[in-house]
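What follows is each chain in one-letter form.
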Amino acid sequence: MSATQIAPTSQRERLLGGLFRASLFVSLAIGILTLCWLMLSILIEGWPRLNQDVLFHFPSSNPELAGAQSAIMGTIWVVGLTALITIPLGVGAAVYLEEYADRDRWWNRLIELNIQNLAAVPSIVYGILGLAFFVRGFLGLGQTVLAAALTLSLLVLPIVIISSREAIRAVPDSIRQGALALGATQWQTIWRQVLPAAIPGMATGSILALSRAIGEAAPLVLLGGLTFITFNPEGLDSAFTVLPIQIFNWISRPQDEFHVLAAAAIAVLLVLLVAMNAVAIFLRNKYQRKW
Amino acid sequence: MTDPVVQRPVAAPDAPPATDGAAPLGEPVFRLRGVSVAYGGTPAVKDIDLDVHASRITALIGPSGCGKSTVLRCLNRMNDLVLDARVAGQVLYHGQDIYASHVDPVEVRKLVGMVFQKPNPFPKSIYDNIAFGPRVLGMKGDMDEIVERALRRAALWDEVKDRLKQSAYGMSGGQQQRLCIARALATNPDVILMDEPCSALDPISTARIEDLLLELRRSYAIVIVTHNMQQAARVSDRTAFFTVDLDEGERHRTGRIVEFDATEKIFQNPADPRTEAYVTGKVG
Chain A
82 MSATQIAPTS
92 QRERLLGGLF
102 RASLFVSLAI
112 GILTLCWLML
122 SILIEGWPRL
132 NQDVLFHFPS
142 SNPELAGAQS
152 AIMGTIWVVG
162 LTALITIPLG
172 VGAAVYLEEY
182 ADRDRWWNRL
192 IELNIQNLAA
202 VPSIVYGILG
212 LAFFVRGFLG
222 LGQTVLAAAL
232 TLSLLVLPIV
242 IISSREAIRA
252 VPDSIRQGAL
262 ALGATQWQTI
272 WRQVLPAAIP
282 GMATGSILAL
292 SRAIGEAAPL
302 VLLGGLTFIT
312 FNPEGLDSAF
322 TVLPIQIFNW
332 ISRPQDEFHV
342 LAAAAIAVLL
352 VLLVAMNAVA
362 IFLRNKYQRK
372 W
Chain B
5 MTDPVVQRPV
15 AAPDAPPATD
25 GAAPLGEPVF
35 RLRGVSVAYG
45 GTPAVKDIDL
55 DVHASRITAL
65 IGPSGCGKST
75 VLRCLNRMND
85 LVLDARVAGQ
95 VLYHGQDIYA
105 SHVDPVEVRK
115 LVGMVFQKPN
125 PFPKSIYDNI
135 AFGPRVLGMK
145 GDMDEIVERA
155 LRRAALWDEV
165 KDRLKQSAYG
175 MSGGQQQRLC
185 IARALATNPD
195 VILMDEPCSA
205 LDPISTARIE
215 DLLLELRRSY
225 AIVIVTHNMQ
235 QAARVSDRTA
245 FFTVDLDEGE
255 RHRTGRIVEF
265 DATEKIFQNP
275 ADPRTEAYVT
285 GKVG
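In order, the protein sequence lines correspond to chains A and B. In the working numbering, each number is its position in the first sequence, counted from 1, plus 81. In the working numbering, each number is its position in the second sequence, counted from 1, plus 4.
Not one of these hints is a red herring.
Computed cross-link-like contacts, BS3-like style, restricted to lysine-lysine with a CA-CA straight-line distance of at most 30 Å:
(1) A:K367 <-> B:K128
(2) B:K122 <-> B:K169
(3) B:K286 <-> B:K122
(4) B:K122 <-> B:K50
(5) B:K144 <-> B:K169
(6) B:K50 <-> B:K286
(7) B:K169 <-> A:K367
(8) B:K165 <-> B:K122
(9) B:K165 <-> B:K144
(10) A:K367 <-> B:K122
(11) B:K128 <-> B:K169
(12) B:K165 <-> A:K367
Not everything, but these chain B residues come out facing chain A in the computed CB check (under 8 Å):
(13) N80
(14) M82
(15) L85
(16) V110
(17) R113
(18) K114
(19) K122
(20) N124
(21) V140
(22) L141
(23) R187
(24) T191
Because the hints were derived from the structure by calculation, they are not lab data. We put the beta carbon where it would ideally sit given N, CA and C, even for glycine.
Between the sequences and the hints, there should be enough to build the whole structure, so can you do that?
Set out below in structure tokens:
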């Protein structure tokens, strides 16, 4: 073959390329199809009970009358409070680690390593911690909305910190230098340039972290296992239940009617999750357009 | 607010002499004596003596890695942002040592503006890009007027006056760089530092920035780092030629000033053969 000819791609290379592509597509399809199948089966099973009763009725020992009103409100209370606690703390920790911490100091590296590890700790461990420190022991809050929110905050805080750090790190250094060169202080640079530029990433990360909190049953079951609550939370010190616990409870009942109800409640939980993710996507797009 | 420790002389910049480089030099704005900078113990530049004058453009030229940008960043203490950077020697601004222990670098940067190699507008509107500096400095007055004046001085007003609220990211590279110049002018500095401001721009945008520099020279002391020797010859009044020395068994590359003089002298009748070799294109 002379040097000036462009060699054709061999049959084997083409085949390998095609196979690689196909295997990537199959990986994607497996995930999507599983999700679709799951949602479809939930919808079919829960369909008879997917009406306003599930939203507005309180739990009852009679499956015909039972609904998830208190669980829905409990979820909103607990997750809302978790957001109020974790977002300022998580963003603050992320700003410290990205903008102020000197990585040559061993304690800063230790904190970083710890946060990475905490994100991987099983949620039940946080439940034990919450039971020991928030419900009983140290704070003695009892089985309340506040104790649950504090426990879930511990659970999602590492995720919020890590995603906020990534968002802050993605802001180019040239922005910081430009602001500092104008005579802005470090604080002004962070508050007026770095944080606004990092908002889309931080919002997305925080909402995804809260989506994890909303689906958690294990740590909250451990806190108190309150499943039969016939009133909505009225404050931080109210007793509460949340959707995953209510679902868990209904599924463990012997009557089939409760299983249908559980499927309907799962559908409600999924709608809440999709709504939260939609907000995340909306925020991201809105702020990106502004640039 | 307490008085800043570093101050500009009272007269500047409202009554600058319109010299166009012809009048006598007078007292320098910046006087560097025996300045050395080391990063993590490794010297980057050594024994720099340099004077920067008002109403003059001072060009820093020389091969890559000779420390031109390092010296430039001494003048507004941007080297402070680099970990382990150490500056020795004297950097005097109107006779005040800006590296004295009681001087806050933020105060220095209010008086010494900077334009970077790559245009770095903030991810905000054109208006907010200009208004950021005056806002953080707490400048009094009508912000619309401040913004318009800065954009006019940077010869950008006519191009952007109808889209002040639009993102600065929608501008061309040359416009973005002039926006960054306008942003620096808005805080009313005494000196403007430019770190290869045209290296990311096409020749037409470069020519517009050079015209702008000659215009701004009336009111500011300008220091420009450039790799483009024609640019130095075209716009600057005084030129410092840097070179790189290999120290201590070629382990460190250290920048030094070979020659600092009027630009015409540097380009037409240099005293040092190394300068001649560089400006005539024999090396580098």
